[in-house]
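Asks: Sequence:
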Amino acid sequence: MHLASTLLAIIAALTLSEAFLGLKSPGHLPFRRLPSLAATVPVGSVTELPPGERKVVDTEAGAVIVTNVGGSLYAVLAKCPHLGLPMKTGVIAIEGGEPTITCKFHNSKFALTDGKCKAWSESVFGIKGTEGIAGFVGGFGGAKGSPATVFPTSMSEEGIVSIEM
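With numbering that gives the first Met the number 0, letter number 84 in the sequence shown gets 83, and the count goes up by one each step, no holes.
Careful: at least some of the hints might be erroneous.
To be verified - Straight-line distance between alpha carbons at most 30 Å, and here's what the computed DSS-like set of lysine-lysine pairs gives: (1) K115 <-> K78; (2) K87 <-> K115; (3) K115 <-> K103; (4) K54 <-> K143; (5) K108 <-> K78; (6) K117 <-> K78; (7) K117 <-> K103.
Read the hints as simulated data drawn from the structure, not as lab findings.
Hey, can you work out the whole structure from these sequences and the hints?
Replies: Have a look at this one:
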């Protein structure tokens, strides 16, 4: 019983220590403060995002694309899950009734609603005839068919758009 009490005391001390909480990092331990679990990041007025427009917002998670597709707002991490390349200028379209973003580097396509992968590494830089190379390259980086990271959006009564992180 004494051993169990001692072990419990050690675990409690470690759990409550400043280093464990990320408030202070001893030089020999690789602790770091984790980003908050829930945050609302303001984007701007809805008037700044008319249908067909996008805005890139810097967040703790990285750059996030906020776009207005047909009057609905979507937010997606501006980093392709394939090779981590930027999707800031990716083509945003409606395909099969669903809004998508296509990475311009390998034509990987993702649903803006849930991040689901619709196409994986279809070509290189959109060049026809590079499908075989793209298929080979598609085997590197993120797991084939990895989803894009999407975030919920909200709008206040005053028309201020926010990303829910």
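Asks: State for each hint whether it applies.
Replies: Status of each hint after checking the structure:
no., hint, verdict
1, K115 <-> K78, "holds (14 Å)"
2, K87 <-> K115, "holds (18 Å)"
3, K115 <-> K103, "holds (17 Å)"
4, K54 <-> K143, "holds (28 Å)"
5, K108 <-> K78, "holds (12 Å)"
6, K117 <-> K78, "holds (16 Å)"
7, K117 <-> K103, "holds (14 Å)"
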